[in-house]
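Q: The lines below spell out each chain.
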Amino acid sequence: MTLAEESERIVRARAAAPVRRPAPRTGGVVRRVVSRYWTIAVLLVGWQLWASLNGYNRIVVPQPGEVVADVVGNSGAYLPDLLATLGMSAAGLLTGMAAGVALAVAVWTSPLVSGMTTPIALIMRSVPVVAMIPVLARVFGYGWQTVLVITTIVSFFPAFVFVAARLRDAPRSTSDVFAVLGASRVTVLRRLLLPHAVPGLLVAFRLTAPSAVLAAMLAEYLMGGRGLGVLFAQSVSFYQPERAWGTALVATVVSVACFVGARAVERRGLARMT
Amino acid sequence: MSQPAIALQSVVKEFPLRRGTAVRALDRFDLQIADGEFVAVLGPSGCGKSTVLRLVAGLDTPSEGTVTIEGARPADLVRGHRLGVAFQEHALLPWASARANVELPWKVAGRPVDTARVDELLELVGLTGFADARPRQLSGGMRQRVAIARALALTPDVLLLDEPFGALDAVTRRRMNLELARIWAEERITTLLVTHDVDEAVLLADRVVVMTGRPGRVRHTESIDFPRPRRTEVTRDPAFHEIVDRLTRLLDESDEPGHSDAAA
Amino acid sequence: MSALLARVPRRTVLPAVAGIVLLVVAADAIGRLGLAGAAWPTVTDVVDYLTSPTAQTLLGRALAATGTAAAIGFVAGGLGALALALLGALLPAAGPGLDRLAAVVHAVPLIALAPLLVTTVGREGTSTVIAALAAGFAVFVAATSALASTARAGRDVFAVLGASRLSTVLRLQLPAGLPTIVDGLTLAAPAAVLGAVIGEWFGARRGLGVLLVSAMQNVQIPLLWSAALSAAALSLAAYVLLVALRGWVTRRFT
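Residue numbers (full-length UniProt numbering), protein chains in the order written: chain S, 1 to 274; chain L, 1 to 264; chain R, 1 to 254.
By construction, these hints were calculated from the structure, which means they are not laboratory data.
The hints are all genuine.
Negatives, chain R to chain S, calculated, CB over 10 Å: (1) 44; (2) 56; (3) 71; (4) 151; (5) 153; (6) 170; (7) 178; (8) 244; (9) 249; (10) 253.
Where chain R lies over chain L, by a calculated footprint (3+ residues, C-beta under 8 Å): (11) 91-97; (12) 105-119.
Computed list of chain R residues with no C-beta within reach of chain L, every gap over 10 Å: (13) 15; (14) 19; (15) 20; (16) 22; (17) 23; (18) 92; (19) 103; (20) 121; (21) 214; (22) 220; (23) 247.
No residue lacks a Cβ here, since even glycine has one placed at the ideal position from N, Cα and C.
Sequences and hints are given; from them, build the entire structure.
A: Right under this line is the structure:
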């Protein structure tokens, strides 16, 4: 097994995340909802019980109701930072994935580039990129540039690996048809390989979208500036527990929404492309 | 015959497809197997013969009709660990030795392993020297023998064989069939074999049931009266070839299209 | 790394080595020419710093702290996740809920989780718990998919033999799923290191994460890069160790 395949297998294993379980056949919607979300309900009830039984005051642990009330009542306070974080994540996602595709194509063009990049890619894979935020903050400065850089790096790797893999295993028979037609390499790439690589890109998108948002928030938290990470840090230091927990709640919802949204995009795209 | 060991009565099996449509795999299917009888169900691929076996094994339940083994539901026999089964895929545990694979039924049933019986089974399938070998160190034919030894382990009331040699090459398959004929002559367990290989069915069975394709029904039943134990000589008997030719012709006819397979 | 490279044909080793050498040379050149500003040191700066005794004590202590937190988190998170996945396999009704729980816990941003943990398990425990959660998620995902994807023929044989659900899980699904579960462990090991480092950003007293943040704030460039390299090395070591284990498990269980 080559290093490239090795690293791919690893990432691919992560892609295998959603497990389809057979839905319970009998019973209606209620039963299905209960079977899916009972743990979340237990979590919320546990939170409420924990907060009230231990007699924590609201500075330590606010109750779920208070947190939701703050998010709903003062949504204006969250919105600018939410948009800042989302914007940064989207921009990083776009540049990172574009760079990943570009390098994947470069690797497809040249075996030498391929041989030189795969070990680096493998090392990069096991480098805890998010833990490097302090280094990047020093190199790129405290500010939006670093947030963009970290989201770009986070988005780059999966796009590179999955697109490169798809470029390599293009269907043989169709390639032969193109060869018989005397198509140039550029034509093969544009008409056959890139469309063939789209599913790989979609997988990468699903994997990356939530982690880009989470990485953006961590970077914001460490460096300041704008965004949900900053809002959280400030609420903590100004003793606004509802705001802090509310930020956490919004961030969680955003991250889940990113995953669900990206998965929907992936399914749509796959249905269209295959 | 008295009460049959296995009885399928006007069994219908439908598999749901998308939105309310269903495909009918079996249609009013009847089959009785006597105690100690070896019946082969022969049919073209996709005719629902594996469905018959899965119903008897309790792996599926019929949409209509009844399936009983010794008057009880298959699930009851399963609970009593009284069925033995071998599939086309050997389904051996790859991390366990041949011996450990044969021991599996005892462990699953929570009973102490009968070491003497395990030795006897390994000898019966000719694998005494390979007891400690892992499945991937064995040839395809040897793996199937382990699977058959495992199926026989608890001396089951009923033995179910679903194309057990279907993945083997023709030469090995023939050798395995003769082997199985010998083993069966010693154990004499009520057996249901599902296959698309006519030679295999005629060599092994007391009775061959030919099925039509989709939806599956019984088309023809043929009694095979060659004496047991059956050896290679049987396959050189002109009567053997006469039966094989006739059944093959029936199979070819039932393979022809013309049956609609989806019912709304 | 050598264990990994030993299996690679020589033809691919040359470009690989060239790639790594090129990476180091480029990093050094950027530092020397000051292309990325003062925060990008030369390779020799970092090597000089790494060889000094003070740096070695400092980094050694931090490595030990982070390594311990990551290791405990890896083991605890892995075992906990495996237990949950087994529970989901034994009680299919509980399964979908556990999947959702894992997804939501994974989606809770660390910045939100960490302060909560600091109030409940203390500053030192936080990095261990975050490491456990990070590793646990990877293991849970791998284990649920491993337990769910046992070949049909194997399941059928167990069903016909009248195996109980517990017996099927322990004798068939778990061993058959081990290679995939170990795949999850190879992802979980670097995840545990990352979790431990990030956990230390929230007020731990020692560890590589502490060094990273304080070096960032105090502009100690060689220390910053040395701490980063140590974290990367720790993560790589954990990964390579698990890849070796995976090789053995794959040979034994398939």
